[in-house]
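K.L.:
For reference, the chains in residue letters:
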Amino acid sequence: MPIDTQRAVDEAAAPDRGVADLAAVWLALAAIPDPEIPVVSIVDLGIVRAVAREGAGVVVRVTPTYSGCPATELIFGAIRDSLAAIGLPDARVEVQLAPAWTTDWIAADGKRRLREYGIAPPGSAIPGVAAIDVRGISPLRAAGVVVPCPRCGSTRTRLTAQFGSTACKALYRCDECLEPFDYFKPH
Amino acid sequence: MKDTDRFEFLLRFGDSALVLAQRLSEWVGKGPIVEEDIALTNVGLDLVGQARMWLSCAGEVEGRGRDEDALAFRRDAHEFRNALLVEQPNGGYADTMARQFLFDHWHLLALKAMEGSRDERVAAIAAKSAKEVAYHVERSTDWVIRLGDGTDVSHERMQDAIDGLWMFAGELLLPDAVDDAAARAGIGPDLAALASPWREAVGAALAEATIAVPADDWAQRGGRQGRHTEHLGHLLAELQFLQRAYPGAQW
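These protein sequences, in sequence, are chains C and A.
Quick note: the first sequence, position 132, residue 137 per this note's numbering, numbers continuous.
Quick note: the second sequence, position 153, residue 1530 per this note's numbering, numbers continuous.
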């Protein structure tokens, strides 16, 4: 039997045979917050790459964000716990390295929530309109891109540090509303 | 490529990342300002993550049941295959940044070259790491320029740092039989081919930093073959203490 046909049969028969309901799995995963930025879920972040049936259980394929991200182990544990809670105690989490995670995988809705939370989302930087063109001083440094303040929208902001409270964020400061803020770096 | 060579090849990347991460972690709580403290820690964290991927892979290739932890915590200095450059002491901030700068530029070139590796796992680890190292390069280059083209004092310190570390950087570009085997198999980078882009990138940044490129290109080698400077043993004593004192301890 061709694989597609087999899958169709499996899915049609699923409710009767006690096979994992993949939609329910995705729903459960979408409720798991990122431990460091709880306003987005692990699904919003785009790190859940695939969910597939495996025997009576499921396997969840996850692509970690940064190699050294300390939240990774915690996230794997949270996935197993929340799937156990919907009757899938044997769910397996598998690391998928390639293709490497990119901030392009963060859903539009996730980006909106990041901004509301006070984090300038990746891709919000705009071409430099900086008062000082740094290219004249330093040809190696790109003419400063500007990251608008997620609170007041001002473009009068500056980089304080290339790394913030987590590897994925840079530290900025707004000269208009004087608030510091994080920028989720494009990756 | 023989598995023994492949194991050596993977250790070199894993050990350099691990040892440099350990050096950077020595700055935790002592950075000149809090932002720098955090940045150094984050760079170190990226490198620990990369070391774990390389060493896990190495352990599997070796096939003797050693995992990333066994390789990191239960090998002696002569079994480490990191470059001599990364085990050099932190010194002052200029020394730490100069060491990072010389390594980062090589690291990025090597990783980029491996993105097309015939070994899919090597290609995946390299592609993931390269994205992180691109930020490391930007940061260390920025500091070399700021300090080099800064005050008289900062300039002198950066020049001294580059002069002192230069003899340890050349090793990164000198292939041996293992590197040649990896390059021939299409798994690892052709190190000799990285020399010219490395010199170009490092030279351009040093010129902007008003730092003179050292005239003497003599290179001390041996780290990647297991012959280290006296500093590595001390570093490992700290890194490995817990697992040596309490083998198998978990938390």
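If you're looking for bench data, these hints aren't it; they were derived computationally from the structure.
Be aware that one or more of the hints could be misleading.
[Said to hold, decoys possible] Straight-line alpha carbon distances no greater than 30 Å define the calculated BS3-like cross-link-like pairs of lysine-lysine that follow:
1. K190(C) / K1508(A)
2. K190(C) / K1379(A)
3. K1379(A) / K1407(A)
4. K116(C) / K190(C)
5. K1407(A) / K1508(A)
6. K116(C) / K1407(A)
7. K1508(A) / K116(C)
[What the hints assert, rightly or not] What follows is a set of in silico ranges between Cβ atoms, one per label pair, in the way DEER data are often shown:
8. E1515(A) / A112(C): 19 to 29 Å
9. R163(C) / A1581(A): 37 to 47 Å
10. E1515(A) / A103(C): 33 to 43 Å
11. P1574(A) / E78(C): 45 to 55 Å
12. R178(C) / G1493(A): 35 to 45 Å
13. G1493(A) / Q101(C): 15 to 25 Å
14. G1408(A) / A130(C): 39 to 49 Å
15. E59(C) / A1614(A): 18 to 28 Å
16. G1440(A) / R163(C): 28 to 38 Å
Each residue gets a CB set at the ideal place from its N, CA and C atoms; glycine is no exception.
K.L.:
Please go over all the hints and tell whether each is borne out by the structure.
P.N.:
Hints, verified against the model:
Restraint check for K190(C) and K1508(A): satisfied, since their Cα atoms lie roughly 11 Å apart, inside the 30 Å limit. For the given pair, K190(C) sits about 40 Å from K1379(A) by alpha-carbon distance, which is inconsistent with the 30 Å threshold. A threshold of 30 Å between alpha carbons decides the hint, and for K1379(A) with K1407(A) the separation of about 44 Å lies outside it, so the pair is violated. For the proposed pair K116(C) and K190(C), the alpha carbon gap of about 12 Å is at most 30 Å, so the pair holds.
With a CA separation close to 27 Å, the supplied pair K1407(A) and K1508(A) stays within the 30 Å bound. Simply put, K116(C) and K1407(A) have alpha-carbon atoms about 35 Å apart, too far for the 30 Å limit, and the pair is violated. The straight-line distance between the Cα atoms of K1508(A) and K116(C) is roughly 21 Å, inside the 30 Å bound, and the hint therefore holds. The given range of 19 to 29 Å is respected by E1515(A) and A112(C), whose C-beta atoms sit roughly 27 Å from each other.
Roughly 25 Å separates the CB atoms of R163(C) and A1581(A), a value that falls outside the hinted 37 to 47 Å. Between E1515(A) and A103(C) the beta carbon distance is about 24 Å. The supplied range of 33 to 43 Å is therefore violated. Checked against the hint of 45 to 55 Å, the C-beta distance between P1574(A) and E78(C) comes to roughly 37 Å, which is inconsistent with it. A hinted range of 35 to 45 Å holds for the C-beta pair R178(C) and G1493(A), which are about 40 Å apart.
Between G1493(A) and Q101(C), the C-beta spacing of about 19 Å keeps the proposed range 15 to 25 Å intact. The hinted range of 39 to 49 Å is not satisfied by G1408(A) and A130(C), whose Cβ atoms lie roughly 26 Å apart. At about 45 Å, the beta-carbon gap between E59(C) and A1614(A) misses the expected band of 18 to 28 Å. Checked against the hint of 28 to 38 Å, the C-beta distance between G1440(A) and R163(C) comes to roughly 52 Å, which is inconsistent with it.
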